[in-house]
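Residue numbers (my numbering), protein chains in the order written: chain R, 1 to 650; chain C, 651 to 1024; chain F, 1025 to 1161.
Any given hint could turn out to be false.
Some chain F residues close to chain C (C-beta under 8 Å, calculated; not the full set) [to be verified]:
1) 1062
2) 1074
3) 1087
4) 1122
5) 1150
Beta-carbon label-pair distances, calculated as ranges [as the list claims (entries may be wrong)]:
6) R:89 to C:878: 20 to 30 Å
7) C:743 to F:1140: 23 to 33 Å
8) R:106 to C:894: 20 to 30 Å
By construction, these hints were calculated from the structure, which means they are not laboratory data.
Nothing here was measured: the structure is a model prediction, and the numbers come from that model.
By construction, the Cβ of each residue, glycine as well, lies at the ideal position given by its N, Cα and C atoms.
Chain residues, written in single-letter form:
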Amino acid sequence: MMGGDYLNLSLYNMAQDHAHDAHGHQDDHGHDHHELGFWRKWVFSTDHKVIGMQYTVTGLAFLFFGFCLMMLMRWTIAKGGGTPLPGSLGGMMHGIFGDDVFVNVPGTEGYTLSPQGYNVFGAMHGTIMVFFGIVPIAMAGFGNFVMPLQIGAVDMAFPRLNMASFWSFFISCVFMVASFFVPGSAAKSGWTNYPPLAGIADLPGSLGASGEMLGVWTNGGTLWLLGMVFNITGSLLGSINFITTIVQLRAPGMTWGRLPFFCWAQFITAYLLLLAFPPLESAAVMNLFDRVFGSSFFQPSGLFVTQVATAANLVPQYSGGGSPILWQHLFWFLAHPEVYVLILPGIGMITEIIACNTRKPIWGYKAMVGALFVLAFLSFIVWAHHMYMTGMGPKVSAFFQTTTIMISVPSVILLTALLLSLWGGSIRFNTPMLFATAFLPMFGIGGLTGIPLAFNAIDLFMHDTYYVIAHFHYVVAPGTIFAIFAGCYYWYPKATGRFMSETLGKIHFWGSLVFINLLFFPMFLQGMAGMHRRWYDGGLAYSNTVLPEYIKMNETVSYAAWALGLFQLVFIFNFCYSIFRGKKVPNDNPWQATTLEWDTPTPPPHGNFIKPITVYRAAYEYSVPGADKDYTPQSEPPAGTPIVVPAPAH
Amino acid sequence: MEIPYTVRPRPDTGLANPKLGIWLFLASEVMLFGGLFAGYIFMRLGAEPWMWPKGWLNVPVGTFNTFVLIFSSVTVILAWESLKMRKLFSYKVWLGLTWVCGLLFLTIKLSYEWPAKFHHFGAYIQKAAKEKYEPYLGNDAHVENGAMIDGHEARKGYPRLFLGGHLDLDHDKYAMAASSVQYVAEEKLDAVLKLGKDETDANKKAKLISRRDEILNTIVIRPDDIAELKKEPLDPKKKTEILHRMNTVHMHAVDAENAKPYDPENDKAHFVPRDQIPVEHLVLDKQDLIAGHGPLVPKLNTYLACYFMITGLHGAHVLAGCICFIYFWLPIKGGSKLFYTNPEQLLNRIEVSGLFWHLVDLIWIFVFPIFYLL
Amino acid sequence: MSDHTATASHVADTHAQDAHHGSLMGHAKPYLVIGFLLFLFTGITVALSYVEFDKKPLFIWAFSKIGVTGFTINIVIGMIVATFKVCLVGAWFMHLKQEKMVIWRPLLFTFFFVAALFLLFALAFSDPIPTSSHWHH
């Protein structure tokens, strides 16, 4: 179907299309030709690469911020609530976050996280890492930067919509950050925001720790919801753009079978976001109604709020009749597919890097793409495995246990294919490849420890313990975040024209690998011993039910977390320093990769390609027998093919 | 740099970018409203029967609005057809009619349907106090006769507890605002009035006084009452009077169901909301009411919460559609002037916004029966 | 506008030019018919909602087969009519009747997932564990 005739035809059409559009509205693009000012170029840009970098940098900043929140939480978990933070750190934190989050430790000069502050940080750590860190980087950041280049497109299909989606995301960031500084501080009811707690925490009219009254709109819970509404809107606009771009703007010859796996992963991820996010948006609107207009979607009858607010009328008086379970259904209808939104772009990046650095094609490309489809489909019908504790009957629970076990099959196909891809390769262990290789066992541990949780009987015991924490952190932290690091090291030369330092990269990698395992592995043991994930003092108050050696592990874990934090400073330094002083790339394709993003100038200009792009071959033609070099770019015509020169555009 | 296929279809997919984009957007909209409707079903199945009212909305008005929206769906198609035939005048007529219909729909919603709810008063009586209001609720005889209440068989566990009607607004212009303030116990009021009284630190005193005023403003509605409460010394007789006013609701008309609670006619589905039937001065003690009494707003019950949320979100979509149509209709660069430079692009725009408009219509086709009729 | 080549856009363009010849109402006839049907069925929905189906033996019998009783019969009938109307709008006004698979594919998934959203909530009601007292007190 995609024969030579077709190629000629579509190139010709493309040229005609250009001519036609140019005729249609010259005034729309007349100003493309002169240099854009700073604001249009770097801030209100419609260029997919700049938007991708905006997403990535914002996301990395949030990733670090969310990590810092956790490092502070680890202090009270390791030391209990009675030990002040070391040195002047406590006073500084108190100065930033205020009385609602940090309290003076009686008898000392120092400050520590209050129980309420612990809840704030816990909720915001989860929210920020998932919705403001990983998704913006892995999906929106890398997807925006790399995907249009890989399919040979000039930009996204709707550049202005792309800008709108970033700014919608940015507004949501402002809401989330601002929520730390309103009376009562940010949301406290976990990243899952379960009602009825989510409805009655931060009640408008109640008083914050410093005596300020919480406003109807300016309180942590409401700002969280507003932030989520904007975040979701941004994601929806972005995913529409991604799908349209991949379907419509593939270069001539870029058939579905030749699409790089990263683009497949982005394509499927965009569908997940598109169809799974709206139910959470509706749930967020319902929850906003509850909090602002006093309705009772999620507030059950007979709810008795003991916290007597002083300004009686500002407090929503719920009429009752609502269902907290409804929130859980709508939330997890999003949040299970969201798990795959977190991991699939990561797997996509890892696939690119493994193919390039093993110098051989990906093993089982078709099986992997098929697995993606099955994974995406099943991910919509497993959500209630997060809700076994809600009093679910045996029939429903049997259904969800079955689908949950089924979904492990495609995940294992992906992992196995990547593992087998390493076999027999002449592997280059540069920094991106180190992260990519480490990703495989780490994601494997994360995935396999999820299987016991799929069963109702085990989950009832494990629910909300550190076991669950360890399980999903293994998937997203040494999983997706390692993939993000790998992606940063890998595509950095394309974005900046310079390499990141290999030496610093290797220090970053080995430090991260060792300490991230020291951080999360003990949590499996703690969880199986029954440690609950939300204990403020790390279980000291429950030391009669948890064996002391498991409580002692808290310290090991915390030290590992702080050490991990230190090693991230190496990355931050490397990331900033290399922009100016990194080793310059020798040519446009420094990794000698096959995919189209390496066919652009470095860094790619607005409009990406300076030559017409036609694709002649599959995505990963490495070490083809008989070829003159060990990689054959997708755009390289087969020997003896006449090169089609398209008609000039103007 | 040009983005390909913004106007013309890509040969192998047969689509131009905007068309695929809008369909993906519509898919997400289907999921959004799917979530809302799923929530509605969940709420309704889980609601206690007496919490889910029927016959509160005006069916003829709702039906008229449905006709308006369907008609506008036809006109937008005609506008698209006219444009396809390159008939500018007829395009302008049909598209003009479309957005006029959209605005008419919104006007009816915002000038009649929603305000009607805000002027009505509703309250759920606490189960413990239902004997006190028995003449208006009529539970006992119903339970004995096995008759229907609000479309449900009367059962001991599910008494009718709702009282709706009009407040005595002629006599008290603050009545509606005061009605939604919850019961305030005397001790609570005393505690508020004491704020800052004995404080010696001037700075703290000022803070506490401002807090006292803030609270008074939210629980006492009449300015003269607030002034009276702030007086020193406070007249205990006046205080009792004000407390009484704060903690009671005075009604001068009630819904037909409450005026004649035993009349079987009242349990039939009715076409338009019945007139309020005057009653002799009826005083409700706020202590007997479940929190959330007042005008018919989301706070009152889950039915209203669903109603306002879904029709509100739908209304926002109607508004967005109208704005797009007005933009494409006005003789500006991106609007009908595009006809002369790039009619194919204008045609695409109308097709895409038309698809959105049909979805808005489609959602209303579900909204209308579930709130107005069933 | 004159670049007539053998492409899909060319077909669309010829269509536009052919269309000059017919009358608007001639082209719009199917839409007017559908519009009329939608009006008609709106009236029917309103009328049906006042029929007491739970008093009609035939309907009681028929709906008891699928476990539906009381006023719920009216709800089910109302929803069937609404779904029919929605299908008319989708098929004709939104041209889904002759739409391409590229559009249909994501829509089919959407329909499936919306159905999952609805059905599993219903399942959560029909299958509570025996001691659960969330809904009935």
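Ascending list of hint numbers which this structure does not respect: 3, 4, 5, 6, 7, 8
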